[in-house]
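Colleague: Residue numbers (our numbering), protein chains in the order written: chain A, 1 to 106; chain B, 1 to 410.
Some hints could be false.
[Unchecked claim] Sample of chain A residues lacking proximity to chain B, with all beta carbon distances greater than 10 Å (derived):
(1) Lys-4
(2) Asn-5
(3) Phe-14
[Stated by the list, open to error] For lysine to aspartate or glutamate, the following EDC-like pairs were computed, each having C-alpha atoms within a straight-line distance of at most 20 Å:
(4) B:Lys-215 x B:Asp-285
(5) A:Lys-64 x B:Glu-325
(6) B:Lys-30 x B:Glu-325
(7) B:Lys-241 x A:Asp-92
Read the hints as simulated data drawn from the structure, not as lab findings. The beta-carbon is built from N, C-alpha and C at its ideal position, and this holds for glycine as well.
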Amino acid sequence: MTKKNYEFAEDSFFLSRRRFMAVGAAFIAVMAIPVGWISSRIAKRNDYIKARSAGLYQDDAIAKIRVSHANPAVQQYYKDFGGEPLGHLSHDLLHTHFVDRTKLQS
Amino acid sequence: MTATTYQPGEIRGLIEIDASKCKGCDACQKFCPTNAIEGASGAVHSINEEKCLSCGQCLINCPFSAIKETHSALETVIQKLADKNTTVVGIIAPAVRVAIGEEFGLGTGELVTDKLYGAMNHAGFKIFDCNFAADLTIMEEGSEFIHRVRSLVKGETNAGPLPQFTSCCPGWVRFAETKYPSLLPYLSTAKSPQQMSGTVAKTYGAKIYDMQPEKIFTVSVMPCTSKKLEASRPEFNSAWKYHQQQGSNAAPYQDVDAVLTTREMAQLLKLLDIDLATIAPYKGDSLFSQYTGAGTIFGTTGGVMEAALRTAYKVLTEEELPKLEFEPVRGLEGIKTASVTLTDKSLNKELTVNVAVIHDMSRNIEPILQEVLAGTSPYHFIEVMNCAGGCVNGGGQPIDGSGTSWVANI
């Protein structure tokens, strides 16, 4: 009696079971958004960016006053209350400091 | 003790992926400025909140509408509007007026300032145009820039270093704070227009409205999701601190109490049955609705720089710019640069000011920052906005549905 040896065909497959699943998942992901979707998305996005920006430049062009220092309300703010740019009250109310977030702990 | 990128009290994890809707298509990763989105292709993705800037670019570009915000102040704001003892101040950002019309069937980019004022007035808001605060920002940030330039010319070292970076964009600020803390001294210390608005509304505004500051509820309407995180920063309670020094003993409050995105303001108006498209126009109720052309262009890439140059030119040369439109900083080029030569009247010296404008931050900023770190930057003033195109394309803006609906059916 000779002992029969079995060989498992799966061993010779070029991908492991885990790898095969990963490739399959990646394939599904690629199928989920059609070829060229990103570039057409960016083209469409740039169209509405241009349209909205044009709206703001139009708002600027039709404005009676177009420079910040001539805004009468801003001048009134400093005169009635704020003092002057970079002044004491500006330092307290209109300026801030930044945080090194690489050093924060919780 | 574990490392974190959040201060106590700040909104963390604002942007979240709905696992039941995510197809693992990776589209969001292409729009994320910090590679904060994790997960293999085909597997459900998730956002690393420590890296996330809360900019919402993934949210507005997800083809499956699988990304959402975890915080909304919509209900709180509706309650405050119904409360007769509260003055609710609506702070309107520049980019909102050219986008909110889209939610009411108006054309893309249509300018609807007066209608938006009308609709918000009808809803019960006092109108505070953030463009007024943008003008205020130019006064502070522009003065700071001129101070830094003159100190450099005179060889003094007590001013901040150059180049000066803008600090209006909360995505950029958080990016600098988490990745390049050594560059923080280069940022203008001026608060963003949103934060200036909240502070002014509760200090000077308390006099204008003749109202106790603790009864003023400030709601900013922003094209931006990251502004929610900005408003929650614990240091942004300057109005409360100011009144405390004046003897008030009111409980602490933030300068900006609530932030609504453009989308959420549209939702609020619809819930209150207000149709922005047909509402009567309104001009505003106080000096806080007065703004200039310079303030309004803050909402687009290059706009802050253009506005700052208009005022810096006047302060330095004592003359108005002959031509206000500054074309080199307009448009969608990734890095825009320009040089302006002018005479500083008070120093009687000719200066050349080099400026750079960055948007779509993650794609364009690295070379600029490397130059600054190496001490070789040729620039004096640098504007940075995280989102492509600036705030007009912010993460809080109406989502452009065209071209994505058929994808979502897959």
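Colleague: List in ascending order the numbers of the hints, as given earlier, that are violated by the structure.
Modeller: 6
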